[in-house]
Every structure is written in structure tokens, then in C-alpha cells.
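Visitor: As they're listed, the protein sequences go chains B and P. So the first sequence is numbered by my numbering: it starts at 1 and just counts up by one. So the second sequence is numbered by my numbering: it starts at 1 and just counts up by one.
Short, incomplete list of chain B residues facing chain P, as computed with Cβ under 8 Å:
1. Ser38
2. Ala43
3. Phe71
4. Val76
5. Ala79
6. Thr80
7. Trp82
8. Gly83
9. Leu84
10. Arg86
11. Ala87
12. Phe199
13. Ala201
14. Ala208
From the derived model, a few chain P residues whose C-beta atoms are all more than 12 Å from chain B:
15. Pro157
16. Ala192
17. Gly204
18. Glu265
19. Arg270
20. Glu271
FYI, nobody ran anything at the bench for these hints, they're computed from the structure. Idealized CB from N, CA, C, for every residue including glycine.
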Amino acid sequence: MRTISILALDTASPSPAVTLLVGETAFDESLPSDRHASEHLLAGIESCFSRAGLSLSECTRIAVCAGPGSFTGVRVGLATAWGLGRALDCPVESVSTLEAIAEAARSPARPRLAAALDAGREEIVWQAFDMTGPRAIPLAPAARASASGAAERAFDGLPYASVPADLAGPGSVLLEAPVSRALALAVARRPADGPTASFAAIYSRPSAAEEKRGAP
Amino acid sequence: MLILGIETSCDETSVALIEDSGRILSNVIASSAEAHALYGGVVPEVAARAHLENLPGTFEQALKAAGVTLGDVSLVGATAGPGLIGALLVGFSAAKALAFARGVPLVTVNHLEGHLFSPYLRAGGDPARPVRYPFHGLVVSGGHAELVRVEDGRIVPIARTRDDAPGEAFDKVARRAGLGYPGGPVIDRIAARGDGARFPLPVGRPGDGTDDFSFSGLKTAMLREFEKRGVTGEKVDPDALSRDHVDLFASFQRAIVTALLERVETVHAREGIRTLALSGGVAANSELRATLSAWGEERGVEVLLPDRALTSDNAAMIAWAASLRFRREGPTAFRDANARSRWPLGQPAA
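Isolated chain B, as found in the complex (with noise of 0.2 Å):
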């Protein structure tokens, strides 16, 4: 049986990375967190392979962050991973980032946890998730709230994760490993069901202009 090598590419979240998983490995690369991530992220998927030793028409799967996150980092992201997937004829998975964060903070000892990011505008925007299965399953769907004193409020008692560490409160689970890969193994462990899913972004609130005409 061919090895099965999933691409995961997150331009969403504050510390953007890419990872190739081959097998059990995980070939890991962080990407600059400002606005140039989209400039070095081809060569980010290139040292991935070529330290795998892998081409890139041996990748199996990709996955890519869909938000919520940085709104150009989003698209930079789901376009590549189209143009990638269109390409090598591969399967995509979009995958919201909130679940991509909840994955990285995986533990038999937290089978419930919320993720968070930032929002914009002095709010996070946070989502709670079962941790039981496989894949982590929302519990509720994603919700904006002020980013002051937010764990202990909106939380709900659970512990939570956020890229970056504590951005509601202190006491964020601490992540060891890029969401990139949290993502990787996530989808190794069960991919998507049925067709590959849609290129729909995530966006954490709309467009400022639509914000001005009123849109939630």
C-alpha cells in the first residue's frame, strides 16, 4: 500500500507553517507571520518534500486552514491549496483554523475544549468542541466575543487554546506543535467523508463596508 502523505497548509492562523506527513513523520515549516507568508510558502512546501524526500505528485491529501484568521492569509491558502489540488489531481480538505486549534491542544485528559483566535476590533472569535472521536466535533458553532476576560465567561469553565497563547486570559493550553501539523494528523487519522469540500472561506465577521450596512 502507498504511504500516505498529507500536505496541510495553514496561512489563517497568527504562526502560519506548512507540514507534509509521510506515514508517521512529519516534515514541519514555519512561515514568516506577517504579511509575506504567502511569498514563502511554495518554497515551504518545497523544502517539506525535499526533506521527505518525496515529489510533489506523491502527496495523497491536502488540507488547508479556512478560517476564521488573517482574511488575505485565508485566501492565500484556499487558493493554493485549489491551484495544488487541481494540479496534482489530489483531494483538499478545508478545515475550519478554530478546529485546527483544538486539534493541536489534543489530550486524553481535555475531551472538551474551546479554541480561539483573534477577531479584530477588541473581540476573539471562539468555538467549543467535543475531543472524544477521532475528530474534534463542534459543540456549538463559532461565536464572537469580547476579548477582555473572555475565558472566564464565555468558555464555559473549559480549557481553552488560542493561537497566539492567552489571548483570552491566562491560562491557555500550550501548544507544542505547529497547527499546521495538528491539522496533518487530524485528517490522517479521518479524513473527510465524500467529496472533497467546497473552497468556502470562514471569515470571522464581514467585510467592513457590509459591517456599516448593518450585516451581523
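Fit chain P to the known structure of chain B by using the hints.
Guide: Same frame as chain B, but now just chain P:
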């Protein structure tokens, strides 16, 4: 040689397939203009979101219409600027990923260079007209007014707008008059039945001896006219305007066309080049086309007008510019290349 073009610099998502002869096999455009109409102009974040939604479908449609597969493509041309950075990054990232994964060369294309060579393309499935250098190129659109000399392998800027672009002036005036967005086509239609000589409107020139354009004074003069005449910006029926208002819009359009013609005339007299290639969204304007054609006939200048279907942003012109550049310079080292919002004509990609 089959060339794939991808364009997402503003509010049109476009994917095209052309041969290196310039024959267009497909040129699919998905516009988010309707969404922007709510705001009276292009909203960058709304445009960027729409590009990502539209790109995969537009791409498949273009391949299907051309009757080819991605495996047949041997060169990718992608707009890398100038434009809205969030919008550019969608198409540029996708184009880079496609070329990278297929192992085919990519050429980063300046959007304005795409427009410049678009009058040589023909929309009916014919090969492009032969490009003969040098020629003068006039790009007039919602974001630009650029007059350049195009030599073989070099683009020399001559004049550009210091403030508003003509298409922008059309849009702002139309919005302020309750005529909706975009403003160019509706004003063109109104002006056709008006007297453009009735209200002489000022078109300023920067007082520094350059050939640059300035259209913000004209726009302000129009807004003052609106105030004087009690035009409130409330939605109006363009077919039910008073005689005075019809003539006012006709005079506004005449002022823009006259400013462009004057500059073309000055530069022609100085440089004596025998070909003028008009392009950009405002190249669809009837009066501009007719005026420049008549001028060309009088002066013995060949005036190339783009097919109307190729005046708006489209990927066929991007693929064509990529093809011309590839023949001369070969591919771009694109792996670490990025899109850029500013990229003046004549300057190399950063």
C-alpha cells in the same frame, strides 16, 4: 503553445486560454460589480471574497469552453499588479500553485501591460494582429489614464493622471447624479442624445510643463453644477432627464474626450509615431472611439481600438501579454514572487 491567463486585480475574476498566435479559445469573466453597486464603488474586501468564490468555477468553465485540459497548458500568465492587493493575491496565489505543481513556466503580468496589448487581440477566434513597434498606447480605465510609448522590449511612460482616472470620474459623477454604478455606460448612452458643446467645462493641466492629466477639477465642476441645479443624488431614470441635464452629461463626456485627444495630439506631434492603441474600460466609450478614429484618419495614424468585449478587465489580455513577454525574456522566477498593489508601467516586477 497553450497559455492560461488568470486575472483578479479588481472586481472581475477572469480565466482565459489562448494560443501563442493570440487566438482566444476562451475568456470567461465573472464580475462582482453587482455587489459593489450597493456601495457605489468597488469595496476591496468584498471583491477579494468574491474572487475566491468565483475562481474555481470560472477556471473549469474556461477549460471547458476552450475544449482543453490543464495538462495541455504550457505557460501561465498571472496578473501580479497593480490593483487591490487582497484581490490580486487570490488569482496570483492560485496561478503560482497551478504552475508550481504542473512544473510549467509562469510569467507575472502587469495588468496595465495586459490592457496595452489588448487592441491587437481579436475577439472572434482569429489570431492577433501583428504587433509592430514602436506604438503609442493609451490606457483609460476606472483606475488609470496612462499614455506610453511602447518599444520592442521597453515601455516608456509619457503621461498619467495626477488624481482621478477618467473611469473614476464617470463613476463618481454618475453616483452623485443618481445614475447608479458603473457610470461609464449610462453616461455614454445619455451623451449620445445631448449637445456636448453646450456647457464648456474646464479640464485642468498640472501647471508643471508635463503632459500629465488631471480630472478632479472637472469632477468638482460637475458636482458644483449639480448643486446649482438641485441634483440630489436620488435615483433618477436616465431616459427621463431634462434637456439641460442631458447636455450637461454630454459636455462632461466631451471634456474628458477632448483632454485625452489633446494630449494624444501633442505627443504625436512631438514623437511622430504612426500607431495609437487605445485600451481599458473607458475604451468602450463611443465618443472616445469615434473621436480618436476620426483624428487618426485625418493625421494618417493607425488607431487600434480594442474589441468592446476586451475593454473590461479580462484574462485573455493577460495571457497575451505573458506570451509576448515570454518570447522575449523567458519565464519569471515566480516561487517567491508576490503580488503588488503599485507597479508603474515600465518598471520590472519587484
